[in-house]
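Starting from the known structure of chain Y, fit chain S with the ligands onto it as the hints suggest.
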Amino acid sequence: MKIVTCIKQVPASSNVEVDPVTGVLIRDSNNAKLNPYDLYALEASFSIKEKNPNATITAITMGPPNAKSVLKEALYMGTDEAVLVTDRRFAGADVLATSYTLSQLIKLIGEVDIIICGKQTTDGDTAQVGPEIAEFLGVPHIPYVIEILEILDDKIVVKSTYDTHDEINEIKLPCLLTIEKSNLTPRLPSYKRKIKMKNYQIDTVTLDQLNDKNPKHYGLNGSPTQVEEIFPPSNEMKSKFIEGNKETLAHELYKILDENKFL
Amino acid sequence: MGYIKINQDKINDKIVEQLKKICPFDAFVYQDAYLSINAACKLCKLCVNKGPSGICEYIEEEKTFIDKEKYQGITVYIEQRENKAHPVAWELIGKAKSLAKVTKEPVYAIVIGEAVDSIANKALEYGVDKVFVYQDDLYKDFNVELYTNILIDYKTRMNPNIILFGGTPEGRSFAPRVAARLKTGLTADCTSLDIKPNGDLIQVRPAFGGNIMAKIHTPNHRPQLATARYKIFNASNKEKPHGKIIKMDSSGISKDTSIKLLSSENKPKVKDISDAEIIIAVGRAFKKKKDLELIEPLIKKLNAEVACTRPLIENGWFDPRRQIGLSGRTVKPKLIINLGISGAVQFIEGMKDSEIIITVNNDISNKLFSISHYSIAGDIYEVIPELNKLLAKII
Ligand SMILES: Cc1cc2nc3c(=O)[nH]c(=O)nc-3n(C[C@H](O)[C@H](O)[C@H](O)COP(=O)(O)OP(=O)(O)OC[C@H]3O[C@@H](n4cnc5c(N)ncnc54)[C@H](O)[C@@H]3O)c2cc1C
Ligand SMILES: Nc1ncnc2c1ncn2[C@@H]1O[C@H](COP(=O)(O)O)[C@@H](O)[C@H]1O
Chain Y
1 MKIVTCIKQV PASSNVEVDP VTGVLIRDSN NAKLNPYDLY ALEASFSIKE KNPNATITAI
61 TMGPPNAKSV LKEALYMGTD EAVLVTDRRF AGADVLATSY TLSQLIKLIG EVDIIICGKQ
121 TTDGDTAQVG PEIAEFLGVP HIPYVIEILE ILDDKIVVKS TYDTHDEINE IKLPCLLTIE
181 KSNLTPRLPS YKRKIKMKNY QIDTVTLDQL NDKNPKHYGL NGSPTQVEEI FPPSNEMKSK
241 FIEGNKETLA HELYKILDEN KFL
Chain S
1 MGYIKINQDK INDKIVEQLK KICPFDAFVY QDAYLSINAA CKLCKLCVNK GPSGICEYIE
61 EEKTFIDKEK YQGITVYIEQ RENKAHPVAW ELIGKAKSLA KVTKEPVYAI VIGEAVDSIA
121 NKALEYGVDK VFVYQDDLYK DFNVELYTNI LIDYKTRMNP NIILFGGTPE GRSFAPRVAA
181 RLKTGLTADC TSLDIKPNGD LIQVRPAFGG NIMAKIHTPN HRPQLATARY KIFNASNKEK
241 PHGKIIKMDS SGISKDTSIK LLSSENKPKV KDISDAEIII AVGRAFKKKK DLELIEPLIK
301 KLNAEVACTR PLIENGWFDP RRQIGLSGRT VKPKLIINLG ISGAVQFIEG MKDSEIIITV
361 NNDISNKLFS ISHYSIAGDI YEVIPELNKL LAKII
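Chains Y and S, in that order, give the protein sequences.
For the first sequence, the positions run 1 to 263 when the working numbering is used.
For the second sequence, the positions run 1 to 395 when the working numbering is used.
Careful, some of the hints might be misleading.
Using 20 angstroms as the maximum straight-line C-alpha spacing, the simulated SDA-like pairs for lysine to any residue come out as follows [what the hints assert, rightly or not]:
| hint | chain 1 | residue 1 | chain 2 | residue 2 |
| --- | --- | --- | --- | --- |
| 1 | S | K260 | Y | L173 |
| 2 | Y | K255 | S | Y71 |
| 3 | Y | K246 | S | L390 |
| 4 | Y | K261 | Y | H251 |
| 5 | S | K101 | S | E239 |
If you anchor each label on the Cβ, the simulated ranges turn out as follows [said to hold, decoys possible]:
| hint | chain 1 | residue 1 | chain 2 | residue 2 | range |
| --- | --- | --- | --- | --- | --- |
| 6 | S | K21 | Y | E247 | 46 to 54 angstroms |
| 7 | S | D249 | Y | Y200 | 18 to 26 angstroms |
| 8 | S | D194 | Y | K255 | 55 to 63 angstroms |
From chain Y, some residues computed to sit far from chain S (all C-beta separations above 10 angstroms) [stated by the list, open to error]:
| hint | residue |
| --- | --- |
| 9 | K2 |
| 10 | F46 |
| 11 | E81 |
| 12 | T164 |
| 13 | I195 |
| 14 | N199 |
Because the hints were derived from the structure by calculation, they are not lab data.
We treat Cβ as the ideally placed atom computed from N, Cα and C, and that holds for glycine.
One chain only, chain Y, in its complex shape (with noise of 0.2 angstroms):
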């Protein structure tokens, strides 16, 4: 059985801001971090994995070079494999343009039985990226996974959350699974495996190795939509600011909720 997951890089800190005066984007860090929903991907697999034991795991991500430590990271966690896609042609690719990417790596790949995303990503938050996946590859899914519950060799049964109820359902193979957080804990990267894989060689691949080379269907060109602007959210609110020792606030705020009829 063979298993892929996605993980991706994200930024540890969500402190963009726009400066509105001159335009431009700050970012207090460029440190990077793995998507934490990705944490409960590579869970998800690594139980799969438990249950047979002769499934290999390829973690793969589309990401610049550096996104090679998220790799690293799953590979330390217990991945088989793993796998970066990158090529400067790739820059600017939306959602459409980054799961055709992923779906011809996975389909050079080959023969994938599982591709198990997490739920969304903490920067592009879309939780888009998995079924588009599927949707090019042609094969069904099913989102927001907490539970695997049976493993056959031709189906599998997993039980998912949604808003107001939950559901089991039975998945033929080859399928995709999104995975939702759960009970389970992530697992740390082990010093162990680090060691054991100390001299692998993560495999890179660029546009020119995949199957489809139309660069036309990648990147900012393949991608239908773009971004026109950016810009800070708009504060225009008028507000009465209080200030004072703990005593005012507390009457002017006593006050505030009499006033209003709140009391």
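What follows is chain S with the ligands alone, placed relative to chain Y:
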């Protein structure tokens, strides 16, 4: 469509320094006296517009234009479960009607299910011009494969300009499938939608995972797909129905699926903060879960619901349904009191339309103060115990 060209002749260390500073994505790579841009580039064009002049240039590539006239109509997908519509649909219809005024397009709705006539009638009351109904026993429960086939059939027959989906868990699984099959754009969780006279949808959403907004468009693909969360837009006004119900023949649509729903169980209802009239929202200023006891008297006196920011959900202090914000619930209460919340854009987008906003924070530069009616500069651990003393005096 295009790319950024770098004028290598003018590159020197100082310019490289300037460009590296301006790029929020760290995409410039300077090696062997050659400056290149790597895959981290998001083509935000800041280096072109704000960088040293004459270095970075945006090269527009030739493109084939689509005939936008051929795509007409704004369609709202009505999500249903157990033959009940998700109310986000009525909000999307309201938005669709206001967009359609600009472009003079019709507003349509589409509903898929087993017995959905009453939903179709309701859509007419909200003022759609036509509601397309795909009815079959097989369509009783949402199935992403069967439902996608239907939307493709609908697209082929109707050539809509825009399709709007609710940003619900179902919508966020369904819309991307449709978008990928149609090879078109999809913008998630829009917080504002507008339209150009040529029919281009202007979609606004927070972007790059930070405190910034992006205006996104789909200049050369149709239909344009977008999702918006519940309570972001106002529900459509009801009117005297003028529209028609169109029953669609689904006999030619493939009904093969690899997904079998084995069981489905409703969760116990929790009081939904989306409908709460008075909310006390708490943030990371609360150091321990036990400290939440501080607000008990206030909750009781105001008969309020408690809500929180995302980090407290991540701590496991609350049911995720109590999270306010773009990845939580949108709320519009009569009163919201924010206690120790910094006011990240994702939080503000979820509560900015509240009628009265009171904020207590010890950092006078926190962003919530600029959208609050009453800003109280103080420490929650001091102000709330004092307030509790005052509250104790009234019965
Ligand atoms: C894609 C994405 C989606 C997100 N979606 C959401 C969402 O839906 N909802 C959400 O809430 N967040 C969301 N976030 C997270 C968001 O960006 C912020 O990180 C989060 O809202 C911050 O929570 P906070 O204000 O409680 O904590 P902090 O940012 O740590 O702020 C704490 C505040 O309390 C003040 N404070 C500290 N001590 C005291 C005291 N003793 N008295 C008074 N004030 C005090 C501080 O000055 C500060 O202003 C999202 C992030 C991303 C990237
Ligand atoms: N660049 C990427 N490389 C690998 N996987 C990705 C990438 N972007 C998104 N994903 C996967 O898709 C999921 C949803 O991402 P998003 O649609 O951005 O919220 C993530 O949790 C990942 O599993």
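A quick look at each hint next to the structure:
Distance hint between K260(S) and L173(Y) is fulfilled; the C-alpha atoms sit about 12 angstroms from each other, no more than 20 angstroms. A threshold of 20 angstroms between alpha carbons decides the hint, and for K255(Y) with Y71(S) the separation of about 56 angstroms lies outside it, so the pair is violated. Between K246(Y) and L390(S), the direct Cα distance comes to roughly 12 angstroms. Compliance with the 20 angstroms bound is thereby established for this hinted pair. Note on K261(Y) and H251(Y): the hinted pairing holds, with a Cα-Cα distance of about 15 angstroms set against a maximum of 20 angstroms.
Among the hinted pairs, K101(S) with E239(S) is consistent with the structure: their alpha-carbon atoms are about 16 angstroms apart, no more than 20 angstroms. Between K21(S) and E247(Y) the beta carbon distance is about 47 angstroms. The supplied range of 46 to 54 angstroms therefore holds. The given range of 18 to 26 angstroms is broken by D249(S) and Y200(Y), whose C-beta atoms sit roughly 56 angstroms from each other. D194(S) and K255(Y) have their C-beta atoms about 40 angstroms apart, which leaves the hinted 55 to 63 angstroms range violated.
The beta carbon of K2(Y) sits about 18 angstroms from the closest Cβ of chain S, which is more than 10 angstroms, so the claim that it is off the interface holds. For F46(Y), the requirement that its beta carbon stay farther than 10 angstroms from each beta carbon of chain S is met, with the minimum near 21 angstroms. For E81(Y), the requirement that its beta carbon stay farther than 10 angstroms from each beta carbon of chain S is met, with the minimum near 21 angstroms. The beta carbon of T164(Y) is not kept farther than 10 angstroms from every beta carbon of chain S, the shortest such distance being approximately 6 angstroms.
With a least CB separation of 30 angstroms from chain S, I195(Y) remains clear of the 10 angstroms interface cut-off, as annotated. Distance check on N199(Y): its Cβ is at least 26 angstroms (rounded) from any Cβ of chain S, clearing the 10 angstroms threshold; non-interface status holds.
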